[in-house]
Amino acid sequence: MTDNNAQNDSKMPRPGEPVTHSEDPRLTAYALDELQHVEDRVAVESYLDSSSEGRAQTESTRALADVLSEKLATEDAPQLSPEQRASLASALEGQGARPGARRAVLRRWVTAAAALVLGVLFWRVLSGGGLVSEKPAAAPAPTVAVAEKREAGGLGTHARSAGRSVSGAVDGSQGSGGGGSRVDAPFDTYGSHEVVGVAGGAVNEITGPAASSPGPQKSLGYLSSPKSADSDALSLGERSVVPTGGESYATFTENPFQPLTQDRYSALSTFGIDVDTASYSIARRYLNRGNVPPPDAVRLEEFINAFDYALPEPTGEHPFSVSLDAATAPWSPRHRLVRIGLKGAAFEEEERPPCNLVFLLDVSGSMKAQDKLPLLIESLKMLVRELDATDRVALVTYASGSQLVLPPTSGADKTAILAALDGLSAAGSTHASDGIQQAYRLAEEHFVEGGVNRVLLATDGDFNVGLTEENELETFIAAKAASGVFLTVLGFGTGNLQDSKAEILADRGNGNYAYIDSLNEADKVLVREMGATLVTIAKDVKIQVEFNPEHVVSYRLLGYENRALAAKDFRDDTKDAGEIGAGHTVTALYEIVPVNAPDLVGAVDLKYQVEASVEESVPNNPETLTVNLRYKLPDGEVGREFSVSFVDREQSFEEANSDFRFAAAVAAFGMALRQSDHRGESDLGAIYEWAASGKGTDPYGDRAEFLRLVRQAQGLGRY
Amino acid sequence: MKTSENRLWFRSQMVEHEAALMRYAARITGDENRARDVVQETFLRLFRQEREAVEAHVLQWLFTVCRNRALDVLRKEGRMTTTDETGFAALQSPDPPPDAALENQETLERVFASLDRLPSRQQEVIRLKFQNGLSYKEISGITSHSVSYVGVLIHEGMKTLRASLGALIPEA
Numbered sequence: 001m002t003d004n005n006a007q008n009d010s011k012m013p014r015p016g017e018p019v020t021h022s023e024d025p026r027l028t029a030y031a032l033d034e035l036q037h038v039e040d041r042v043a044v045e046s047y048l049d050s051s052s053e054g055r056a057q058t059e060s061t062r063a064l065a066d067v068l069s070e071k072l073a074t075e076d077a078p079q080l081s082p083e084q085r086a087s088l089a090s091a092l093e094g095q096g097a098r099p100g101a102r103r104a105v106l107r108r109w110v111t112a113a114a115a116l117v118l119g120v121l122f123w124r125v126l127s128g129g130g131l132v133s134e135k136p137a138a139a140p141a142p143t144v145a146v147a148e149k150r151e152a153g154g155l156g157t158h159a160r161s162a163g164r165s166v167s168g169a170v171d172g173s174q175g176s177g178g179g180g181s182r183v184d185a186p187f188d189t190y191g192s193h194e195v196v197g198v199a200g201g202a203v204n205e206i207t208g209p210a211a212s213s214p215g216p217q218k219s220l221g222y223l224s225s226p227k228s229a230d231s232d233a234l235s236l237g238e239r240s241v242v243p244t245g246g247e248s249y250a251t252f253t254e255n256p257f258q259p260l261t262q263d264r265y266s267a268l269s270t271f272g273i274d275v276d277t278a279s280y281s282i283a284r285r286y287l288n289r290g291n292v293p294p295p296d297a298v299r300l301e302e303f304i305n306a307f308d309y310a311l312p313e314p315t316g317e318h319p320f321s322v323s324l325d326a327a328t329a330p331w332s333p334r335h336r337l338v339r340i341g342l343k344g345a346a347f348e349e350e351e352r353p354p355c356n357l358v359f360l361l362d363v364s365g366s367m368k369a370q371d372k373l374p375l376l377i378e379s380l381k382m383l384v385r386e387l388d389a390t391d392r393v394a395l396v397t398y399a400s401g402s403q404l405v406l407p408p409t410s411g412a413d414k415t416a417i418l419a420a421l422d423g424l425s426a427a428g429s430t431h432a433s434d435g436i437q438q439a440y441r442l443a444e445e446h447f448v449e450g451g452v453n454r455v456l457l458a459t460d461g462d463f464n465v466g467l468t469e470e471n472e473l474e475t476f477i478a479a480k481a482a483s484g485v486f487l488t489v490l491g492f493g494t495g496n497l498q499d500s501k502a503e504i505l506a507d508r509g510n511g512n513y514a515y516i517d518s519l520n521e522a523d524k525v526l527v528r529e530m531g532a533t534l535v536t537i538a539k540d541v542k543i544q545v546e547f548n549p550e551h552v553v554s555y556r557l558l559g560y561e562n563r564a565l566a567a568k569d570f571r572d573d574t575k576d577a578g579e580i581g582a583g584h585t586v587t588a589l590y591e592i593v594p595v596n597a598p599d600l601v602g603a604v605d606l607k608y609q610v611e612a613s614v615e616e617s618v619p620n621n622p623e624t625l626t627v628n629l630r631y632k633l634p635d636g637e638v639g640r641e642f643s644v645s646f647v648d649r650e651q652s653f654e655e656a657n658s659d660f661r662f663a664a665a666v667a668a669f670g671m672a673l674r675q676s677d678h679r680g681e682s683d684l685g686a687i688y689e690w691a692a693s694g695k696g697t698d699p700y701g702d703r704a705e706f707l708r709l710v711r712q713a714q715g716l717g718r719y
Numbered sequence: 720m721k722t723s724e725n726r727l728w729f730r731s732q733m734v735e736h737e738a739a740l741m742r743y744a745a746r747i748t749g750d751e752n753r754a755r756d757v758v759q760e761t762f763l764r765l766f767r768q769e770r771e772a773v774e775a776h777v778l779q780w781l782f783t784v785c786r787n788r789a790l791d792v793l794r795k796e797g798r799m800t801t802t803d804e805t806g807f808a809a810l811q812s813p814d815p816p817p818d819a820a821l822e823n824q825e826t827l828e829r830v831f832a833s834l835d836r837l838p839s840r841q842q843e844v845i846r847l848k849f850q851n852g853l854s855y856k857e858i859s860g861i862t863s864h865s866v867s868y869v870g871v872l873i874h875e876g877m878k879t880l881r882a883s884l885g886a887l888i889p890e891a
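So the protein sequences, as listed, match chains P and Y.
If you count the first sequence from 1, position 707 lands on 707 in this note's numbering, and the numbers rise without skipping.
If you count the second sequence from 1, position 124 lands on 843 in this note's numbering, and the numbers rise without skipping.
Excised from the complex, chain P in its bound form (with noise of 0.2 Å):
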């Protein structure tokens, strides 16, 4: 087709011409920032200085153009019928499937180094374990690089002059030679009056609170005789929802930088784990709609752990390994960034525990558009052609009531299973039903002791699955969690997705939350994570850092602002939190100010304080920090307790490894899209800067796609 561009030409200026008044379409080309020549831009905003006229229509434009993107991404579409879809299924399949290809495609879930421990096998030890307390004699090989090894000699400063008592943090690298690297540590502390520090034999005692008054938070390592045990550590705040044209977010602030005071126990911060990721699909959604992302879907914690990182197998009696590494932060080059990853247990395919799974889904006809219900059904589908006999999947749907579609089958039998799924067509509208009550109760007929149980719940976010009273459906799932079924959500579509409701049910069902966006996104948390999204290996893990208030003035610990706990819950195993799945890798990052960085370089000295001799600034314990996790085994219900110390060598960013630095580009690009007050230095060309030196071999391409994300923000020119 020719364009008759002759007969417009009065109404489109030459690159650079002034602008004189509102009919000038670069106007609004300058709204959608879609001018396409430089001098434009300078015609256009000095017009707009003098025009507040133009400004206003500037401001209208970008207020309708949104307005028409959220508007005209509901429109209904027609579809292609399932005979074309399959036909071009076919063509597909045509265009060189070797038979033998889907078994690569299964292979790909098994973690290369799984030939270290069966996932399996831990269980079945672990279980009849339960609360064993062990001599740090009996710490395995330290294997698994993580905290710093004391200097020689550095054992020595460990006693501090002034008369305190002290505890180390657990040291199991005594002897281990070359590597200077430490462990899962090798004993399990409970109880009222335990071992706190063992360092290179030497057995302190702790006399503080936790013989005196047996708080359940851990006892603090770098300081003694603490005066109370209360702590003023954040907790659970209310969460208000904000609304997005139809979607809602919860609402929140990002953690501040929390100063280590006189308050004895500033010194700890206390989260639960998160495995979820479901804030980076969602926000890629947006991205890629050329949307900007509502600030509040950006967790911090979900986009850095959207990522797989590379981090050593387990090989100790613990599950997951921890690993620390630290590295200047990007951002904000006087602060310091320690990044703590935890790498679950994978296992081999033919150790992979069998399934009972029984998928819950939302059919009704808000379901229809083709990135919910179509999607769902391709996604499921993958995930089906990766189960065996040992397997059992049962559906059973929701709409105006809830329906057994499939009765609890054998994962051999694919051809039933997968005609079932085929068979689902959405129409109705969602009314209250016993979906999820019956759902769980084929869950637990047909429970597998040492096996997966969960229930996979797909919604595009009507949860009116039977239980309507406020808190009655939260309550149900954190009972069935405890249980044993589990609960996945699985989130699709747009525009009605209630993603903190997602998120909560998630949490109480022992469980994780994943937004699918894409196919692609399906076959990473479906086929690719399979081991991670449905089998748990450790649940309830909690995190509890101590700083050392020698190196630390003040930390802040990116994301996971709904998952603080009080310091005192670390030890109290009714408090919920985050499970981590097998061959899974979660990862926290804190950012520390040290105490040789002040940030008031251009302030007088000080006439006051008297310097404090060389003497006396020697510091006593080289450590950091300390890393405390506790846990419990899936089937389990008392906590397990392991910690892990830490000696920043003071690398600079560049020195860091790849990964640290892919996932330091990812927060700080999380930090831009939420605009946070903490993003320093880092700009949306930095941030890309970043990522790509930290790329890596990127064997899925996910990297890349953050890359092309990472443009696409800058694109928007928002940021």
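Heads up, some of the hints might be wrong.
[Unchecked claim] Lysine-lysine pairs mimicking DSBU-like chemistry, simulated, CA-CA at most 30 Å apart:
| # | chain 1 | residue 1 | chain 2 | residue 2 |
| --- | --- | --- | --- | --- |
| 1 | Y | LYS721 | P | LYS381 |
| 2 | Y | LYS856 | Y | LYS878 |
| 3 | P | LYS607 | P | LYS568 |
| 4 | Y | LYS878 | P | LYS695 |
| 5 | P | LYS414 | Y | LYS721 |
Quick caveat, the hints were computed from the structure, so don't treat them as lab data.
Only a predicted model underlies this, so the values are computations on that prediction, with no experimental measurement involved.
Use these hints to put chain Y onto chain P, whose structure you have.
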């Protein structure tokens, strides 16, 4: 021969873009059945491409092929009155989505009604821009209009929509 990784990518293009292409084809042909054939043909042609050759600009590629196929259909049936009239907006009043909450209903209906009243070229580019998130440049590639003409069409369309939807646009 496509690897399984690549076939997954092609399938996901189908899942992700079917709705957008169906809307677009239905608007041009004014008929859902013709639109189905057009979109099926579009995907078949996509599958014949190498992923590397199309991945960077797949959305533009799909819309371009879809548009040309749809216009071919109109041409063959002698339904095209002028050489450059796409017949956009020929669909009967679009149904509002079934999941629209009641309070959204009115806004939606007014947005769709106002859009329908725009000249078809403006409608086409405005939908490509805001419904599909395409840039001026990509729209120019799809429609064969120059980038500046795309700018004029969007500007004119937005002007009319601002006037008719004024009250619905949130205060800046």
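Here is what the structure says about each hint:
Between Y:LYS721 and P:LYS381, the direct Cα distance comes to roughly 20 Å. Compliance with the 30 Å bound is thereby established for this hinted pair. In summary, the hint linking Y:LYS856 to Y:LYS878 is supported, as the alpha carbons are separated by about 21 Å, within the 30 Å threshold. Restraint check for P:LYS607 and P:LYS568: not satisfied, since their Cα atoms lie roughly 39 Å apart, outside the 30 Å limit. Distance hint between Y:LYS878 and P:LYS695 is unfulfilled; the C-alpha atoms sit about 44 Å from each other, more than 30 Å.
Restraint check for P:LYS414 and Y:LYS721: the C-alpha separation of about 25 Å stays at or below 30 Å, so the hint holds.
The structure fails to meet hints 3, 4 from the earlier list, while all remaining hints are met.
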